[in-house]
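Each protein sequence line maps, in turn, to chains A and B.
Be aware that the first sequence starts at 1, since it is given in the numbering used here, and climbs by one per residue.
Be aware that the second sequence starts at 1, since it is given in the numbering used here, and climbs by one per residue.
There could be a bad hint or two in this list.
What follows is a set of in silico ranges between Cβ atoms, one per label pair, in the way DEER data are often shown [unchecked claim]: (1) Cys-18(A) - Glu-228(B): 34 to 40 Å; (2) Lys-181(A) - Lys-225(B): 33 to 39 Å; (3) Met-218(B) - Thr-101(A): 51 to 57 Å; (4) Asp-149(A) - Asn-202(B): 50 to 56 Å; (5) Lys-224(B) - Cys-18(A): 31 to 37 Å; (6) Met-218(B) - Gln-142(A): 27 to 33 Å.
Counterexamples of contact, computed for chain B against chain A with all Cβ distances above 10 Å [to be verified]: (7) Val-64; (8) Asn-97; (9) Ala-296.
Derived from the structure by calculation, the hints contain no laboratory data.
Note that this is a predicted model, so its numbers are computed, not measured.
From the three backbone atoms N, C-alpha and C, an ideal C-beta is built for every residue, glycine too.
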Amino acid sequence: MPSFKRPKALADVPTSYCPGCTHGVIHRLIAETIDELGIEGKTVGIAPVGCSVLAYNFFNCDMIQAPHGRAPAVATGVKRAIPDNVLFTYQGDGDLAAIGTAETVHAAARGENITVIFVNNAIYGMTGGQMAPTSLPEQVTQTSPYGRDIKSAGFPIKVCELLSTLDGVAYAERVAVDSVKNIRNAKKAVKKAFEAQIAEKGFSIVEIISSCPTNWGLTPVDALDWLRDNMLPYYPLGIYKDKTS
Amino acid sequence: MSERVLMKGNEALAEAAILAGCRHFFGYPITPQTELAAYMSKRLPKVGGVFLQAESEIAAINMVQGAAAAGVRAMTSSSSPGISLKTEGISYMCGSNLPCVIVNIQRGGPGLGGIQPSQADYCQAVKAPGHGDLHILVSAPATVQEMVDLAGKAFDLADKYRMPAMILADGMLGQMMEPVVLPGEPAGPLPKKEWAASGHNNGRPKNIINSLYLDPYMLEESIKKRYERYKIIEENESLHENYLADDAEIVLVSYGATSRVAKAAINMARGKGIRAGLLRPLTLYPFPKKAVAEAAKTAKAFISVEMSMGQMVDDIRLACDCSVPVEFFGRTGGVIPNVDEILGFIEKTDRRYK
């Protein structure tokens, strides 16, 4: 009978995430992938600044903590130094799509052979719920208390759509972790992204639509409903680029 | 190899870095360090190395951070405005105990400033090269040969003390040509880096490269440990040249390109019967405090000669405990002081403290 065990690549420590947060699920998907591909010994992960800053404690592979937004540049340096190793960055929406936009776009444009796991929950979690580059129009946050006014704050950035125009991108898929079905699909996407890197296809990114019950002010269950009702229509799931086959 | 070759400062420094085992260079174009990156882009692919032109100075220093974290010798070069952008990465590398070499071919500031030689980044380099309690090693070549010698040393010391090292030069040294003798390749293998995040290969516990400590007591502890290393560095790693300073009454303190003009002025002053001499720091962090204190015993006055508004003056005052007056002569904004004006200032100072 199959048993549900902790993946070897996931450290046996309590995480720092809030109850109902989907970071834990996403960590597990990455760890399962590392186990299945048998690459823990040659994987180096890059932790961002944000809620997942402590991710270096949660994975059992070698880890580096990068300055805010710079994870793709740090990963580039590592990969260029030890090209046979497997590199992944784990980044939130503020890290990747605001302060680190340049590093993200240019790593993608170079076709840097790394895998980016992009957790989009439409808010800055760690600092207490400010408007993110991916916050939706009208979304109420600490710094958009009257709702995100697109006339002043502009529009959310659709990262997969943006990056898919770049020739260096081998694989870009947007998935969600709101249901068993979507989580299973997210796992497939994460694995495919790592495999694209191992096959030296170029830059791979998986954008994962996820929830932030604490800063959205919702219960974990209601947060997943809000995600489905509001985020998925704005951020359609699917494969945006696939040059892996 | 002991053959003398004629090389530009920027190119000689680049070749010296390669000879020191550096195979990873990340940079962004800026005048007047241009030749350094151009040389690396030509040479590194020929020796199995990596040259990567980054999208920004910020990305370049973070690529250096990644390569350093993976355990290789890595380097970036820039000039003043670009160094300001790198300060975030420098701070993280200090906090993460990562070695690297950063070259600053200084130009005039503040802001976009100018593109002529300057030493106005002294305080940035030796006092606050990034946020937080930290130091980086700072050396100051005055000849193309020293660009070579100090580059090799910077890599060795950066590895030894696990911290960034900066070569603080200026546009004049970067652009000028002089004969140099290049060193050979490192005799033995480069130092092993057991701490590197290069994949644990299922053979050791995982390594974490990190500067975050949410517990203030642990952060304080880590900083104090680092300051113990700084103390050893201050004790052992300062370098200076003493030029006619032993019996000098007027002691000029000057480094880099400026010190060459100061030397010429000292020779002329000696010809006029003034006992002038030079203390030339080759390291700015650590600052050669003992040499300054020693010179203060015979000096009537120090003159700090710089291409800035006098950023080194306070360090000389501190080193001699204000026992001797410290005067200042300098030009800034990209203006190089000439021999006559330095000589004039020596004569004026000599008269004042007769």
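Structure-based check of each hint:
no. : hint                                : result
1   : Cys-18(A) - Glu-228(B): 34 to 40 Å  : holds, 39 Å
2   : Lys-181(A) - Lys-225(B): 33 to 39 Å : violated, 50 Å
3   : Met-218(B) - Thr-101(A): 51 to 57 Å : violated, 33 Å
4   : Asp-149(A) - Asn-202(B): 50 to 56 Å : holds, 52 Å
5   : Lys-224(B) - Cys-18(A): 31 to 37 Å  : holds, 33 Å
6   : Met-218(B) - Gln-142(A): 27 to 33 Å : holds, 29 Å
7   : Val-64                              : violated, 6 Å
8   : Asn-97                              : holds, 12 Å
9   : Ala-296                             : holds, 42 Å
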